[in-house]
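Chains A and B, in that order, give the protein sequences.
The numbering of the first sequence is our numbering, which starts it at -19 and goes up by one.
The numbering of the second sequence is our numbering, which starts it at -19 and goes up by one.
One or more of the hints may lead you astray.
Same chains, same names: a pair is fine if it fits in one copy or spans any two.
Below, computed lysine to aspartate or glutamate pairings styled on EDC-like, alpha-carbon distance capped at 20 angstroms [unchecked claim]:
#: 1; residue 1: Lys55; residue 2: Asp65
#: 2; residue 1: Lys67; residue 2: Asp57
#: 3; residue 1: Lys252; residue 2: Glu360
#: 4; residue 1: Lys371; residue 2: Glu10
#: 5; residue 1: Lys13; residue 2: Asp375
#: 6; residue 1: Lys246; residue 2: Glu228
#: 7; residue 1: Lys156; residue 2: Asp338
#: 8; residue 1: Lys156; residue 2: Asp375
#: 9; residue 1: Lys399; residue 2: Glu296
#: 10; residue 1: Lys399; residue 2: Asp338
#: 11; residue 1: Lys252; residue 2: Glu227
No lab work stands behind these hints, which were simulated from the structure alone.
Given the structure is predicted, the values throughout are model-derived calculations rather than measurements.
There are 2 protein chains.
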Amino acid sequence: MDKPSLPSGTRDFGPEVMMRRKFIIGIIEETFKRFGFLPLETPAVENLKTLQGKYGDEGDQLLFKILNNGDFLAKADENLLHQRDSKSLTSQISDRGLRYDLTVPLARFVVMNRDKIHFPFKRYQIQTVWRADRPQKGRYREFWQCDADILGSQSISNEADLLQIYDNAFATLGLKVNIRFNHRGILDAFEPWLEGATNHDRFMQLIDKADKIGFEGVLNEITNEAIPNGAEAWTLLHNINNLSSNEEKLTALQNASNIQHEALLKGISEIKHLLSLLNNLPASNTMTLDVTLARGLSYYTGMVMEVVPADDRIPEDFRIGSIGGGGRYDNLTGVFGLKDVTGVGISFGLDRIYDLMDAAAIFPTESMQSTVVLFCCMDENALSSAFGMAKNLRDAGISTEVYPGAVKLKKQLDYANNKSIQWACILGEQEIADGTVSVKNLISGEQKTCPQNQILQQISQ
Amino acid sequence: MDKPSLPSGTRDFGPEVMMRRKFIIGIIEETFKRFGFLPLETPAVENLKTLQGKYGDEGDQLLFKILNNGDFLAKADENLLHQRDSKSLTSQISDRGLRYDLTVPLARFVVMNRDKIHFPFKRYQIQTVWRADRPQKGRYREFWQCDADILGSQSISNEADLLQIYDNAFATLGLKVNIRFNHRGILDAFEPWLEGATNHDRFMQLIDKADKIGFEGVLNEITNEAIPNGAEAWTLLHNINNLSSNEEKLTALQNASNIQHEALLKGISEIKHLLSLLNNLPASNTMTLDVTLARGLSYYTGMVMEVVPADDRIPEDFRIGSIGGGGRYDNLTGVFGLKDVTGVGISFGLDRIYDLMDAAAIFPTESMQSTVVLFCCMDENALSSAFGMAKNLRDAGISTEVYPGAVKLKKQLDYANNKSIQWACILGEQEIADGTVSVKNLISGEQKTCPQNQILQQISQ
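The whole structure should be built from the sequences, with the hints applied where relevant.
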């Protein structure tokens, strides 16, 4: 018999990993709810019509497609079969595919339910997505996305809420981060100076590499490619980013004579509005204007945001990029025929956050808490009274197990140890005869015998 | 542009449905944890090798298969292509499929991790499964399973835990149910009397229809098919079931001269053990020995259990079968080459529980609770102080929103109304000038003006 295995790029999450994942998801979800976001779930299986053409050619290649059920070849084109034209045949034998992200399904949901939804619509969604990418360290074919979006409101107060959500969630997780933001208007304002859209696009691609190759590296490439005014523009951005306060950066932008442009004014005005909402609120993490931040070229139209780890406890060799990002987009649902739905959203990189917290060993012990009390019976006849005591503890909210069967005490305590159970309530011959129970603290080793109705007091001390 | 749509048999879960689903799932999950079960998640995508041959021929037909990526036809057999032999070609163009249940993935996980798992292994798993069934009312192609199993322990105390979990979970959900149990040994004991396995199998299939066609209906069919001693056996079972206590039923079984058999003795002894553990525990729902209960033929080997709704508030015409079931099986992992792993498990029928609670209108209002307080600003300049007050409320654990932008009050209150928000904190011209806020109870209509730092006291009264 073959040894069973998992498909490449997929994972089982055993109990220990699951408890920690649930710890992270629970905090993010609670934060979303604290800000008034409501849950949405969409099916894993979507019509390929819904998915195709939304993620570019590369995305279409990476969609997992589901074979039609039954006699799927019945209507297949004879020539395509004969020519083994896999690509053209796909649409004849597959109508459905697996969800690729949570944004296209959100757009589809909003269009299909436009008459029922009250705007502004604030939803969060934490679900699996699938991509037929080449698996590698930290990249999976089945992974999670964790999104919050507000649809139908232009107000910058939404952006302010989302930045607060990042700050609150990471503070509660216990992970120190830097939160960066920018406005696409600031970057768009460079287009005339760089002499056109083509140069501008290329400039944006190059400065996006700054995290990897540094200021000098980007400067060299810009110079090599001879982008008009590119070196000067890049130096300007770099110098502005080195200023120490968000306000100084805004002033410097206002004074930069080569980029005066309507888009810049809009960007500066919206950032000022944002800062006026946030400036008096205590925050746990820095929120910094990063005038080089782009977060991709085509999608976002206003504010963009990004979260990067900044925690001393992360090992030096543990390099990881952003663990969250988002921004404003002006036409979410246009692709499904519904125009002018503006939106702004953020995403948490669940798998990366897990890996970071694991590497930095900052999961609190409470995230591993499962059973608190284990009853250990030395005689089958004691099980019945153990069941009664266990019920009382559970009714008091305490996770409790009765070891199934009166096996050797060592075996029962090993079980407790493997599950990090704190208390063993032992019912041996003497205890049964006396109507007592021995309550043992498995961390300190302390043990005390008490009446059977006083366990709660014993373990609460 | 085509109107977007969902694949047949799949569903979106909008915020109102999601909140109620989360209410149900939260209670079931909390109950599992209270009894020491730990979470497990396995991938949606499994190798077809893992799935095929595990669910019978019909099950294999109902598997959703994923088309291999890239040039999937490259190695396809020329003859099969030419003959359009869909069935034989499948294995050449598809290596993976979607999870069909949670039991086979559990078995695979246990076999792959046998050296790391400490038995008894108590896991729960709440995940989506997919079946290419014909969709109809209450039957979906993408639906949820919600399982708890204990592996590696023979003790009947596990069965007692699982019955308690059913009782506790439905009590917390607020849905009245009947919990039935039986032991396969009792049914197996009828085989000699019915003169062989073939008659016995047919007898079991017929008595399984009793819920639909009643005692007389089953009796007629048994008589028509002339199963030896079938009518007598069915009458015996029926009469035993009509006895008023579990103990009387056991006595009647012990005295039934035609079915004395080793399997019967084992069944009676295990049920007595079970009752000795449960009899002194207060329960919210009836737990009844139902000697006709089989829960399918081939899978279970010991105790079997089932939950059926028994709530007065369910509309009469709302007929639904069991909303939970399970039992003991002796060879979960044998199919993957690991022998002698015994297990016992239960399942909650999430979609049916939802439909029942919805039809009976017994979702508590708390399950619909989202945002508690909405700040309504009549002037953009007030947003900043609203942000400060909102932060204080959130820090106190209260879900709070600031309406994005100073639009007309009516629009803001409509938003509150649509989200069932209880409190509006209004910042109008007067309040801003005075440094106060008007706190309006949107349920009672009462409104009171108070200092901005006393909102919490106002809404806590």
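For each hint, the structure was consulted:
1. Lys55 / Asp65: both (15 angstroms within a copy, 12 angstroms between copies)
2. Lys67 / Asp57: both (12 angstroms within a copy, 17 angstroms between copies)
3. Lys252 / Glu360: Only across copies: Lys252 and Glu360 sit 13 angstroms apart there, 72 angstroms inside one copy, limit 20 angstroms.
4. Lys371 / Glu10: Cα proximity of Lys371 and Glu10: across copies only (14 angstroms, versus 29 angstroms in one copy).
5. Lys13 / Asp375: Classified as between; 13 angstroms across copies, 28 angstroms inside a copy.
6. Lys246 / Glu228: within (17 angstroms within a copy, 83 angstroms between copies)
7. Lys156 / Asp338: So Lys156 and Asp338 pass the 20 angstroms test inside one copy only (14 angstroms; across, 43 angstroms).
8. Lys156 / Asp375: Only across copies: Lys156 and Asp375 sit 19 angstroms apart there, 38 angstroms inside one copy, limit 20 angstroms.
9. Lys399 / Glu296: neither (32 angstroms within a copy, 46 angstroms between copies)
10. Lys399 / Asp338: within (19 angstroms within a copy, 38 angstroms between copies)
11. Lys252 / Glu227: Close inside one copy (8 angstroms), not across copies (77 angstroms); limit 20 angstroms.
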